[in-house]
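Undergrad: Sequence:
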Amino acid sequence: MNMIELAKEIVEGRRINRQDDLSMFVSCDLDELCKGADMIREHFVGDKVDLCSIINGRSGKCPEDCKYCAQSAHNKTECEVYDFLPEETIVSACKQNEEAQVHRFSIVTAGKALTGEEFDKAVKAYETMNNECDIELCASMGFLTKEQLIRLRQAGVNSYHHNIETSKSNFPNICTTHTYDQKIEMLKLVKEVGMCTCSGGIIGMGETWEDRLDMAISLAELEVDSIPINVLMPIKGTPLENQEKITEADIMRTIAFFRYINPKADIRLAAGRAMLYNDGEKAFCAGASATITGNMLTTTSKATINSDKEMLKRLNRDAVPDYVKCKNNLKI
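Residue numbering for the sequence shown follows the numbering used here, starting at 1 and increasing by one per position.
I should point out that these hints are in silico values taken from the structure, not numbers from a laboratory. Please note that a few of the clues may not be correct.
[As the list claims (entries may be wrong)] With a cut-off of at most 25 Å between alpha-carbon atoms, the simulated DMTMM-like pairs for lysine to aspartate or glutamate come out as follows:
| id | residue 1 | residue 2 |
| --- | --- | --- |
| 1 | Lys124 | Glu192 |
| 2 | Lys67 | Glu248 |
| 3 | Lys35 | Asp211 |
| 4 | Lys245 | Glu210 |
| 5 | Lys325 | Asp50 |
| 6 | Lys282 | Glu9 |
Produce the complete structure using the sequences and hints provided.
TA: Shown next, in the form of structure tokens:
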């Protein structure tokens with residue numbers, strides 16, 4: 001099928017599902033695929049680019065056995081280990097990102113779930129940030145209960161991140177200490193309490209094209225709002241340390257067909273941006289509409305908030321948050 005024609009059909013209302021022949025996304029011309037993805041992005045998202053920054057609120061000693069992760073206690077890495085950060089450290093980082101005009105700020109924590117006193121500290125930090133800052137607030141704290149999610153929402157958090165990582169069939173090859181179905185239920189719970197969902201995965205872990213396509217379809221079925229696409233950067237001491245890196249062309253193809261399958265979502269560049277030209281410049285012309293930015297990227301990337309904003313300015317994209325526009329009395 002002609003990818004430009006398919007893009008036009010998606011703009012007019014067609015949606016890709018499991019009954020479609022998804023192999024067309026693997027065999028089609030890459031330039032045509034990217035051009036069509038950009039058309040879809042322009043129609044549904046426009047020129048806005050959402051910038052997200054994170055802080056690692058608790059690091060290391062995770063009991064889960066995810067094969068890609070430096071923070072898993074099952075893997076022998078040089079990961080920094082510390083308990084939940086002091087509130088003043090988190091709030092200070094939040095304010096720095098607000099001053100830099102980032103759209104949203106998130107605390108992420110290692111471990112299956114943040115519980116007890118540490119969760120209480122997180123809620124208090126969010127309450128302080130919500131009272132003192134205008135930046136949007138997100139969270140990524142593993143498998144939480146409905147009651148915990150409600151507490152976060154009441155504290156000012158409007159989006160929750162929880163990656164499904166890969167396809168359902170490939171998931172047991174990546175992690176055995178929790179299940180894919182548990183992740184799906186967690187995302188449904190996030191929707192149930194009225195928060196936005198942020199969920200994506202990692203490519204380059206040895207999965208097939210069918211696995212990547214299945215992940216894109218699953219996220220569409222869940223109507224996920226933001227989809228971070230991470231590219232594996234093999235870490236010494238993990239089971240995937242010798243995994244061969246995938247090509248830039250394969251990364252671009254993945255980003256583009258995620259846009260076809262999830263036309264209204266923010267397709268967000270995440271870890272592994274260093275494997276793309278100029279930290280992902282071409283990807284913003286192939287369906288991407290958001291990115292993680294700042295000095296907390298989990299890979300060796302040259303990208304900074306300033307360099308990202310300069311790049312997006314060259315592309316004539318709007319990376320100014322609404323809270324900044326409101327302060328400046330600009331039309332939103």
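Undergrad: State for each hint whether it applies.
TA: The hints, checked one at a time:
This hinted pair checks out: Lys124 and Glu192 have alpha carbons roughly 23 Å apart, not beyond 25 Å. For the given pair, Lys67 sits about 23 Å from Glu248 by alpha-carbon distance, which is consistent with the 25 Å threshold. With a CA separation close to 23 Å, the supplied pair Lys35 and Asp211 stays within the 25 Å bound. Restraint check: the Cα-Cα separation between Lys245 and Glu210 comes to about 18 Å, which is no more than 25 Å; the hinted pair holds.
For the given pair, Lys325 sits about 14 Å from Asp50 by alpha-carbon distance, which is consistent with the 25 Å threshold. Between Lys282 and Glu9 the alpha-carbon distance is near 24 Å, which keeps this suggested pair within the 25 Å criterion.
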